[in-house]
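Residue-level listing of the chains:
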Amino acid sequence: MADYNAIKGRLVQTLSSDPTLTSSYEGQVWYNSTEGVLKGLVLLEAWSSSSPLGTARYSLGAAGTQSAGLAFGGALPPSPGFATQNLTEEYNGSGWSTGGTLGSARYYIGGCGSQTAGLAFGGNIPGRRNETEEYNGTSWSEQNNLSTARRSMGSSGTQTAGLASGGDIDSGGVTPVNNTEEYDGTSWTTGGALNTARSGVMMGPAGTQTAAIIAGGYTGSVTAAVEHYDGSSWTNATSLPGTRANGGFAGLQTAGLVFGAISPARTTSALKYDGTTWTSAPSLATSVGGNVGTGTQSAALNFGGSTSSTVSTSNTEEFSQSINVTTAGAFSSGGNLNSARWGTGSAGTQTAGIVFGGRNPAISTDLALSEEYNGTSWSEGPDMGQARRVVGRGTGTQTAALAHGGHYSSPSTRYKVSEEYDGSSWTNGGTSTNFHDGTMQIGTQTAAASCGGYDGSPMNETEEYDGTSFSTANVMTYSAYMGAAAGPQTAAVVFAGGFPGVNNSNEYDGTNWTAGNTTLSPNYGIGGNGGTGSQTAALGAGGYTPGPIYFSKVETYDGTTFATAPSLATARSELPASGPNSSFFAAGGLISTGTASNSTEEFTGETVVATASTLTTS
Amino acid sequence: MALFIYGTATNTGKGFFTAEDRRAFFLRGYPANVWVIGNNEKGALWLAEKNGVEKTKSEAQALVTAEIDAAKTAWDNNNVEGESAEEKIARLGEKPSDVTLP
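First to last, the sequence lines map onto chains A and B. Its first residue numbered 1, the first sequence is counted upward by one per residue in the working numbering. Its first residue numbered 1, the second sequence is counted upward by one per residue in the working numbering.
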């Protein structure tokens, strides 16, 4: 057996418990005397799931890095409803947000560069294309065309030093080519020809114009051949251990990673490359082909593709080499409400929540009853003074909540009077000037605001509440109700709402409203954090768009941009929700017209933790 | 291999599905207690542990369709004399639409 002292010149420390792990412990080994095992802090390699693309698609373009990625173009599934896409999405390391649209919708499109200096070229509309477009972080602009119109080519480099190689051309069939073209930021010129003409190749956008790698693809059949480029010519290199095509690639000629592919079946397999040798790497969670990748060998990003000939995917996975174990955020089931309901008010957190009012369609009744949540189960609390539905959501805590707005259906009555809950009983609070059905509430019971609502039509009126009375404040820049809201009275965000659903957002500083970025899609009946959330860390869950279509999707807001987040298990709208992102819950809501849910979902955010590994002799 | 397992299971509340489950396999709930589950070992085990009943895709679709059809009928039959179509939608919401399982 190896002698650590002889190798390292020092003995292994004996500790009764693992030390507090930081990066300074990387590579260190100790004996945990309590557990009786040798442990160390070593680099771990793994794929972890991340938030999905906003639009599932395959054969899309890729650029950027794992923390600043770019997805563009691609196509929806062949059957039913094949459609090429001009959509661009930007990845911030945790979720996707909408970018500028391509001038020309294409799939099997080439791409390289960065999120703020991207390059897209070639592709299929159908019909092979030669258009080139540059991205500046906001919009695409058309540039000089490729000499050879083609699709499914390899692509590497930057916006000012790009490389397009191989692909296939219009010929009445699929005819692979061996052309290489180099881009200098203005125009394309001819580079060295591939030894093996091929399309559907794997060639990461992170490679350079003078040190690129092309792997696999179709030559008429699937190939394992690999070639290296030195800026002028291609030379054959070590072949892949098996044939594969149309997969993702991240990294460089001397430190690459291939993942997914059609070989010919879709696969989870991944392989690492050091410039000479291919070795197995941890597998993706989901078999995929037509996927793309970007980033480096140690920090790669996989996204999109198809999981069968008819199903595109929005899956996103991150590959990391790190001493840290990253655990993706996810919703889990919580205790069931005693009364299924929608249009319900809410306050508090995942371990101390409250819902009140709403409508139970099974008994065609608007409710006054409240329920309190302890993180495990809901128990019935005291009734509000007035049964009401579409009541404002999200102000206060389980022991200091505010119910405002809403209406009762028969006889139809809207309410301006608020009710306050102190943890044991409801009492009447102040009365607003306007009706605020479905108002978006922020703040606390003594420093709240009811933002927008419905009084016969969507409204933009804001009224602030000080625990005693309402006062009129400045109006929002858009009119809506049943949107999401997050934050205190002096730093809040309101987004979406309707009806039928808008994608606006507004930020409030306690005095003025300013328009913010748009949400990923129009949405009505979305559940937000309420006053326990923040303007720079907000969630919007579920919602609705005419069809009717109920959403399970979730969006995050970081103070600037909306991005995708892990989805609810059950699509629902007009759901009560509350809590900061770290303690967010959603309960009830409509799952179809006339059918309410009683289920609760709780959000657990992403965690990144340095983790000791148990060392063995095998 | 099929992408999904289809089944029915009653959501019993806390612990019915965990964040770890959501990371390990696809899971989506539909009307009529129908669940669409990613077809891997952990997904199959989850349905068994929840005393779920595995269905074929067409059986699961039929359950969802029956639930939606019942909601459509209830919507059709819920009328107020003199009410316009717009007023009915404002009162009840849109007429339920078909749900197609993936």
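Source of the hints: derived by calculation from the structure; they are not laboratory data. Built from N, CA and C at the ideal position, the CB exists for glycine as well. A hint or two may mislead.
What the hints assert, rightly or not - Pulled from the structure, derived: some chain A residues nowhere near chain B, Cβ distances all over 10 Å:
1. S239
2. T327
3. S333
4. A447
5. T570
6. T593
Unchecked claim - Which residues of chain B face chain A? A partial, calculated answer using Cβ under 8 Å:
7. L3
8. G15
9. T18
10. K55
11. T56
12. L92
13. T100
Outcome of the hint check:
Against chain B, the non-interface label of S239/A holds: every CB pair exceeds 10 Å, the least being about 28 Å. A cut-off of 10 Å between C-beta atoms contradicts the statement that T327/A is not in contact with chain B; the least separation is 7 Å. A beta-carbon of chain B is positioned within 10 Å of the beta-carbon of S333/A; the least distance is around 4 Å. Under the 10 Å C-beta cut-off, the non-interface status given to A447/A relative to chain B holds; the minimum distance is some 33 Å.
Against chain B, the non-interface label of T570/A is violated: not every CB pair exceeds 10 Å, the least being about 4 Å. Separation of T593/A from chain B is inadequate, the least Cβ-Cβ distance of about 4 Å not exceeding the 10 Å criterion. For L3/B, the interface hint holds, since its Cβ comes within 8 Å of a Cβ in chain A; the closest pair sits about 6 Å apart. The beta carbon of G15/B is positioned within 8 Å of a beta carbon in chain A (closest approach about 7 Å), and the interface hint is therefore held.
About 5 Å separates the beta-carbon of T18/B from the nearest beta-carbon of chain A, less than 8 Å, and the hint is met. Interface hint at K55/B: violated, since its Cβ lies 18 Å from the closest Cβ of chain A, which is beyond the 8 Å cut-off. Residue-level restraint check for T56/B is violated (minimum Cβ-Cβ distance to chain A is 17 Å; threshold 8 Å). A hinted interface residue such as L92/B counts as satisfied when its beta carbon comes closer than 8 Å to some beta carbon of chain A; here the least separation is about 7 Å, so the hint holds.
For T100/B, the suggested interface contact is broken, since its CB lies about 10 Å from the closest CB of chain A, more than 8 Å.
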